[in-house]
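Chemist: Below, each chain spelled out in residue letters.
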Amino acid sequence: MPTSPEPQPILQMRNVSKTFPGVKALQNVQLTVYPGEVHALMGENGAGKSTLMKILSGAYFPDPGAEVSIDGKPVHIDGPLSAKAHGIAIIYQELALSPNLTVAENIYLGREAHRGPAIDRAGMFAGCDEILTNLGATFGPRTLVGDLSIAEQQMVEVARAIHAHSRILVMDEPTTALSSRETRRLFDLILRLKAEGLAIIYISHRMAEVYELAERVSVLRDGGYVGTLSRQEIKPESIVRMMVGRDLSSFYKKEHRGGSTGKPVLQVSDLADGKRVRRGSFTLHAGEVLGLAGLVGAGRTELARLIYGAEPRTGGTITLTGKEVSFDSPGAAIAGGVVYLTEDRKAQGLFLDMTVGDNINLGVIGRDAKFGGWLDLARARSRSLAAIKALTIRVPGPEINVGALSGGNQQKVLLSRLLETQPKVLILDEPTRGVDIGAKSEIYRIIDELAQGGAAVLVISSELPEVVGIADRVVVMREGETVGEVGGATGVAITEENIMALATGVQLDKVAA
Amino acid sequence: MSDSLSTTKQAGPTGQRARRAQWRAFVRSIGMLPVLIILGALVQGLDIYLTGEGRFLTWQNLSIVAQQASVNAVLGAGMTFVILTGGIDLSVGSILAAAAMIGLIVSKSLGDLGIVAALVMGLLIGLGNGVLIAFLRLPPFIVTLGSLTAVRGFARLLGNDTTVFNPDLPFAFIGNGSLHLGGFVSVSWLIVIAFLVILGSWMILRRTVLGVHIYAVGGNESAARLSGIKVWAVLLFVYGASGLLAGLGGVMQAARLYAANGLQLGQSYELDAIAAVILGGTSFVGGIGSIWGTLIGALIIAVLTNGLILLGVTDVWQYIIKGAVIIGAVALDRYRLRGSART
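Protein chains in written order, with our numbering: chain A, 489 to 1001; chain B, 822 to 1164.
Read the hints as simulated data drawn from the structure, not as lab findings.
Being a predicted model, the structure only gives us computed values, none of them experimental.
Each hint should be verified, as a subset may be incorrect.
[What the hints assert, rightly or not] In silico lysine to any residue, SDA-like type, Cα no more than 25 Å apart, as pairs:
| hint | chain 1 | residue 1 | chain 2 | residue 2 |
| --- | --- | --- | --- | --- |
| 1 | B | 1051 | A | 910 |
| 2 | B | 1051 | A | 871 |
| 3 | A | 512 | A | 922 |
| 4 | A | 834 | A | 852 |
| 5 | B | 1051 | A | 800 |
| 6 | B | 1051 | A | 761 |
| 7 | B | 1051 | A | 854 |
| 8 | B | 1051 | A | 862 |
| 9 | A | 811 | A | 823 |
| 10 | A | 858 | B | 1017 |
| 11 | B | 1051 | A | 802 |
| 12 | A | 512 | A | 661 |
| 13 | A | 858 | B | 1024 |
| 14 | A | 834 | B | 1020 |
| 15 | A | 834 | B | 1155 |
| 16 | B | 1051 | A | 857 |
| 17 | A | 858 | B | 1025 |
| 18 | A | 858 | B | 1051 |
| 19 | A | 561 | A | 653 |
| 20 | A | 834 | B | 1054 |
| 21 | A | 751 | A | 825 |
| 22 | B | 1051 | A | 653 |
| 23 | B | 1051 | A | 751 |
| 24 | B | 1051 | A | 864 |
| 25 | A | 858 | B | 1046 |
| 26 | A | 763 | B | 956 |
| 27 | A | 877 | B | 1054 |
| 28 | B | 1051 | A | 812 |
| 29 | A | 912 | B | 1051 |
| 30 | B | 1051 | A | 816 |
| 31 | A | 858 | B | 956 |
| 32 | B | 1051 | A | 798 |
| 33 | A | 834 | B | 1046 |
| 34 | A | 751 | A | 774 |
| 35 | A | 858 | B | 1105 |
| 36 | B | 1051 | A | 817 |
| 37 | A | 858 | B | 1057 |
| 38 | A | 763 | B | 1046 |
Model the full structure from these sequences, guided by the hints.
Modeler: Set out below in structure tokens:
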């Protein structure tokens, strides 16, 4: 906590905007952080927290007009090195350590101690020993980082930041991979760092942690700055409201149908993978759009991949139209009428070097084949042309490489591939990620039409307005478990607040009040 | 890539982008053909300049070049399948030797069945590679590096480390005879076989479901798996095909020489096959490439070898120049396709 009546902020960011082609990721965001405080940065998935932190760390450049000052002096951060020189250190969710090197080598990475041309290992070990002891580490500098637990690796990251004389430490969801005991130890460490005068920017979705640690909380929403709460004002309900309180764009709106009126098509109970999914249960009906909401890391994608047979499961049952099934591969799932749209279309969905036509037809060329394996080129072409027309894919012809298309059109190509197989169940993972507004509403229309045509659609989405807008019913996951449901027979209204409450574990009645 | 050359009539920015994409596809599809033509012209020109007679561009010499390219083209076809999936097969030279050995040994007692024996030998070893790569998920480089050595030893074992010789080889016509068309034109069987292999490979790659799956696995393996493609089946096929074609290469070599030596036959053929594929513009990470490119690549290597011998360049310098041309040609190719290609 600042001690003097007019404390000097260690970091001030003002008027920070960031425009990506077609998207305004940040607009006039501000953030003021004092030394010796834990400042929580909160917001929904995609609210702009990561973008803001990437600007702070020099990974992105802000739009002109942004002001960043450290210790009251304006600074210009033009790269990761310059951020480091200004005493800024970031610990990302995916730790950035080399597992094949020792703790000392990682801490000294890029600033190796040397005596003449030779590396000074003894000096490095000694230097690390001191820092590690101070942090209360139970491992030595000679340990290989790959042999450490995630919690210990985080400690190495902290040690690296201290060694670099960092004064502003950003921690991005540091507890997602930690056990509760490890979390406890991390908190002790954070409190110690705070006492030594470091400023810690703490990004987390977990209300309880923020409540325990933070002096102040700043909330972002849709790339804009909503406000900052002081210690006395921090209440879970008010934060949730700040995070979601926005007008619904009208294009999400559809008429909410009854939802679970159709026959149950897919019933999933107690699905688990022994890792990220602990207990996944829900029922999906014909003609229904079921939303699967939850914060990043809640295990939604993992649950979907279990159903689809893309990963092995350790427990639970899947019932498809009354029969218990067990897909041992995606091919088996597709044959059973279950298809999955990946959240990462470039890495896991599309074949960017192949044509639009090949991408659309990939799932059905086997069914269409003549004489057991020869391509039916005429059929493929007519299928492609029909799909391009049906989903209004903007492309001169099916022979264009799919890599040349915009995000929205690529997504439609991928969607076409699924639709060609005439599935009964569609699992759509972030169907509108990286897609422009126009294509978004077209994809919503397609989803709606599919459901009206009798398909059962499960939509995984991190965008709450999207879930609220298109789903007949929403199942919410938290930390690997399906924890609740809104809409449909529950009688609970599908609102962002209600979903967020379930997703964060804040009591529903408190928020609703 | 000839399928993607049809023209579109749209105007506007998308049409422009489409035309650019088509131009790139065209540039890619003609690939190294210009290099081959320039190389041929250069050899012919230098020969005229140095000796006063152009011996390169004669029907007889070109026929020799094609024969020399034939075995490499067959191995290259198999290698194209493998590299298109993002893999590599270092064992084809050794497989060729083992297949030639078994073919000759069997031919002594069972005649033409030697051909079958050689092909089966090649196929089995290739499938062995494929099983290790597809099911045990071992890296292709390491698996085939292992079989490069092990199969070489096996080939020597087959002949008790001696040269196997069959002066009455029933299928010797493959290596030395010609197909006579209308009594006028005659084409060496080696060339006919190589051409049929290339044609067959093209059919598989461009006209079958399997071909699309091969490109898909090489282009994006996790997407291929998620879209229901049996990746293991594709991998099994490509390594099996590479082994089978190496076996065919063994038949061709045995037929030409009436003999095979487990130690010497096919040494470092895998490198020429890889060079042909890469010269043909196939991406080393998989997913992009064509079988015609491999044919041109094999011809470039053969023209280079033939030309350097015609010009009286010593053996030592032949190696140096060949290596430099391979690197230079690929560098040129990458430069030409900058921005559009992954390597």
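Chemist: So, for every hint listed, does it hold in this structure?
Modeler: Hint check results:
As the CA atoms of residue 1051 (chain B) and residue 910 (chain A) are separated by approximately 20 Å, the hinted pair is consistent with the 25 Å bound. The suggested pairing of residue 1051 (chain B) with residue 871 (chain A) holds, with an alpha-carbon distance near 23 Å, which does not exceed 25 Å. The straight-line distance between the Cα atoms of residue 512 (chain A) and residue 922 (chain A) is roughly 12 Å, inside the 25 Å bound, and the hint therefore holds. With a C-alpha separation of about 20 Å, the suggested pairing of residue 834 (chain A) with residue 852 (chain A) holds against the 25 Å cut-off.
For the hint linking residue 1051 (chain B) to residue 800 (chain A), the alpha-carbon distance of about 16 Å falls within 25 Å, and the restraint holds. For the hint linking residue 1051 (chain B) to residue 761 (chain A), the alpha-carbon distance of about 23 Å falls within 25 Å, and the restraint holds. Distance restraint check for residue 1051 (chain B) and residue 854 (chain A): the Cα-Cα separation of roughly 12 Å lies within the 25 Å cut-off, and the hinted pair is therefore satisfied. Restraint check: the Cα-Cα separation between residue 1051 (chain B) and residue 862 (chain A) comes to about 17 Å, which is no more than 25 Å; the hinted pair holds.
Our distance criterion of 25 Å between C-alpha atoms is met by residue 811 (chain A) and residue 823 (chain A), whose separation comes to about 15 Å. Distance restraint check for residue 858 (chain A) and residue 1017 (chain B): the Cα-Cα separation of roughly 22 Å lies within the 25 Å cut-off, and the hinted pair is therefore satisfied. Note on residue 1051 (chain B) and residue 802 (chain A): the hinted pairing holds, with a Cα-Cα distance of about 23 Å set against a maximum of 25 Å. With a C-alpha separation of about 24 Å, the suggested pair residue 512 (chain A) and residue 661 (chain A) falls inside the 25 Å cut-off, and the hint holds.
Restraint check for residue 858 (chain A) and residue 1024 (chain B): the C-alpha separation of about 14 Å stays at or below 25 Å, so the hint holds. The straight-line distance between the Cα atoms of residue 834 (chain A) and residue 1020 (chain B) is roughly 33 Å, outside the 25 Å bound, and the hint therefore fails. Only pairs whose Cα atoms come within 25 Å are accepted, and residue 834 (chain A) paired with residue 1155 (chain B) is accepted, the gap being roughly 23 Å. The straight-line distance between the Cα atoms of residue 1051 (chain B) and residue 857 (chain A) is roughly 16 Å, inside the 25 Å bound, and the hint therefore holds.
Proposed proximity of residue 858 (chain A) and residue 1025 (chain B) is supported: the alpha carbons are some 13 Å apart, at most 25 Å. Straight-line distance between C-alpha atoms of residue 858 (chain A) and residue 1051 (chain B) comes to about 19 Å, which keeps the hinted pair within the 25 Å bound. Note on residue 561 (chain A) and residue 653 (chain A): the hinted pairing holds, with a Cα-Cα distance of about 18 Å set against a maximum of 25 Å. About 24 Å separates the Cα atoms of residue 834 (chain A) and residue 1054 (chain B), which keeps this hinted pair within 25 Å; it holds.
Restraint check for residue 751 (chain A) and residue 825 (chain A): satisfied, since their Cα atoms lie roughly 16 Å apart, inside the 25 Å limit. Taken as a hint, the residue 1051 (chain B) and residue 653 (chain A) pair is broken in the structure, with Cα atoms around 52 Å apart against an allowance of 25 Å. For a cut-off of 25 Å, the pair hint linking residue 1051 (chain B) to residue 751 (chain A) is broken: about 32 Å separates their Cα positions. Distance restraint check for residue 1051 (chain B) and residue 864 (chain A): the Cα-Cα separation of roughly 20 Å lies within the 25 Å cut-off, and the hinted pair is therefore satisfied.
Simply put, residue 858 (chain A) and residue 1046 (chain B) have alpha-carbon atoms about 23 Å apart, close enough for the 25 Å limit, and the pair holds. The suggested pairing of residue 763 (chain A) with residue 956 (chain B) holds, with an alpha-carbon distance near 24 Å, which does not exceed 25 Å. Proposed proximity of residue 877 (chain A) and residue 1054 (chain B) is contradicted: the alpha carbons are some 34 Å apart, above 25 Å. Restraint check for residue 1051 (chain B) and residue 812 (chain A): satisfied, since their Cα atoms lie roughly 23 Å apart, inside the 25 Å limit.
For the hint linking residue 912 (chain A) to residue 1051 (chain B), the alpha-carbon distance of about 22 Å falls within 25 Å, and the restraint holds. Taken as a hint, the residue 1051 (chain B) and residue 816 (chain A) pair is honoured in the structure, with Cα atoms around 12 Å apart against an allowance of 25 Å. Note on residue 858 (chain A) and residue 956 (chain B): the hinted pairing is violated, with a Cα-Cα distance of about 29 Å set against a maximum of 25 Å. Proximity of residue 1051 (chain B) to residue 798 (chain A) is assessed by CA-CA distance (about 12 Å); at most 25 Å being required, the pair is judged to hold.
A threshold of 25 Å between alpha carbons decides the hint, and for residue 834 (chain A) with residue 1046 (chain B) the separation of about 14 Å falls inside it, so the pair holds. Taking the CA atoms of residue 751 (chain A) and residue 774 (chain A), the gap is about 6 Å. The hint holds against a cut of 25 Å. For the proposed pair residue 858 (chain A) and residue 1105 (chain B), the alpha carbon gap of about 31 Å is over 25 Å, so the pair is violated. Between residue 1051 (chain B) and residue 817 (chain A) the CA atoms are separated by roughly 9 Å; this keeps the pair inside 25 Å, and the hint holds.
At most 25 Å may separate the alpha-carbon atoms for a hinted pair to count; residue 858 (chain A) and residue 1057 (chain B) meet this at roughly 22 Å. For the hint linking residue 763 (chain A) to residue 1046 (chain B), the alpha-carbon distance of about 21 Å falls within 25 Å, and the restraint holds.
Hint violations for this structure: numbers 14, 22, 23, 27, 31 and 35, all remaining hints satisfied.
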